[in-house]
Amino acid sequence: MSATEESVLFTLSRTPRLTNAELARHEHITAQSMNKITATMMKHGVLDSGKNSRDKRRKELFLTEQGRVLVSSISQQRSRWLTATIEQEFTEEEAAQLDAALELLHKISDKTSAPTSKFIPMAPQAEQG
Numbered sequence: 001m002s003a004t005e006e007s008v009l010f011t012l013s014r015t016p017r018l019t020n021a022e023l024a025r026h027e028h029i030t031a032q033s034m035n036k037i038t039a040t041m042m043k044h045g046v047l048d049s050g051k052n053s054r055d056k057r058r059k060e061l062f063l064t065e066q067g068r069v070l071v072s073s074i075s076q077q078r079s080r081w082l083t084a085t086i087e088q089e090f091t092e093e094e095a096a097q098l099d100a101a102l103e104l105l106h107k108i109s110d111k112t113s114a115p116t117s118k119f120i121p122m123a124p125q126a127e128q129g
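Taking the UniProt record's numbering, the leading residue of the sequence shown gets 1, the next gets one more, and so forth.
Just so you know, the hints here were simulated from the structure itself, not pulled from any lab data. Built from N, CA and C at the ideal position, the CB exists for glycine as well. Hints are not guaranteed to be accurate.
[Claimed, not checked] Capping the alpha-carbon separation at 27 Å, the derived lysine-lysine pairs in BS3-like fashion look like this:
#, residue 1, residue 2
1, K51, K36
2, K59, K36
3, K56, K36
4, K59, K43
5, K56, K43
[Said to hold, decoys possible] Have a look at the derived ranges for each label pair, beta carbon to beta carbon:
#, residue 1, residue 2, range
6, T91, E27, 29 to 39 Å
7, S75, R17, 19 to 29 Å
8, K111, M42, 31 to 41 Å
9, R68, K107, 24 to 34 Å
10, D48, Q88, 37 to 47 Å
11, R68, K111, 27 to 37 Å
Whenever a hint applies, use it, and build me the whole structure from the sequences.
This is the structure:
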C-alpha cells in the first residue's frame, strides 16, 4: 500500500464522505491521480462510494468494513513500532520528556486547528530605498 493510499484511508476514517476532488486537494495531487488511487482502493474492497442524500451529483467516498479493519490494523502496528522504538532508543527520562511534550501538543491541537499555508499571512517586506 502506498503512502498516499494510507493517507486516504486515515483521512476518510477521520472525515468520511469526502469527494474525490476534496481528497485530491487534501493530498496535493490532481483529481485524475486521486481517481486512479481511489478506483484501485475500491477494487480492493477498502473504499466504497455513494451519492449525497441532498445533492445527488455529489459522489462521496467512505471506508468499507474491510477499510475500517485495515485502518485499525495499521494504527496498532504503528503504535507497537513506536512503543518498541522509544523503549530501545530512549532512556526513561527521555521517554518521560517525550510523553510530556505529547501532552502539550495534544493540548494545543484540542484548542486550535492549524492554518493551511494559504491562510498564513506573509510578513511585510521591508521597503527598499
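Verification of the hints:
1. Proximity of K51 to K36 is assessed by CA-CA distance (about 19 Å); at most 27 Å being required, the pair is judged to hold.
2. Note on K59 and K36: the hinted pairing holds, with a Cα-Cα distance of about 15 Å set against a maximum of 27 Å.
3. Annotation: proposed proximity of K56 to K36 holds, straight-line Cα distance about 22 Å (limit 27 Å).
4. The hinted pair formed by K59 and K43 meets the criterion: a straight-line CA distance of about 17 Å does not exceed 27 Å.
5. Between K56 and K43, the direct Cα distance comes to roughly 23 Å. Compliance with the 27 Å bound is thereby established for this hinted pair.
6. Distance hint check for T91 and E27: the Cβ-Cβ separation is about 37 Å, which falls inside the suggested range of 29 to 39 Å.
7. A beta carbon spacing of about 21 Å between S75 and R17 agrees with the range 19 to 29 Å that was offered as a hint.
8. Checking the proposed 31 to 41 Å range against K111 and M42 shows it holds: the Cβ atoms sit about 37 Å from each other.
9. Take R68 and K107: their Cβ atoms lie about 28 Å apart, and the range 24 to 34 Å holds.
10. One distance hint, 37 to 47 Å for the beta-carbon pair D48 and Q88, holds here, with the actual separation near 40 Å.
11. Take R68 and K111: their Cβ atoms lie about 28 Å apart, and the range 27 to 37 Å holds.
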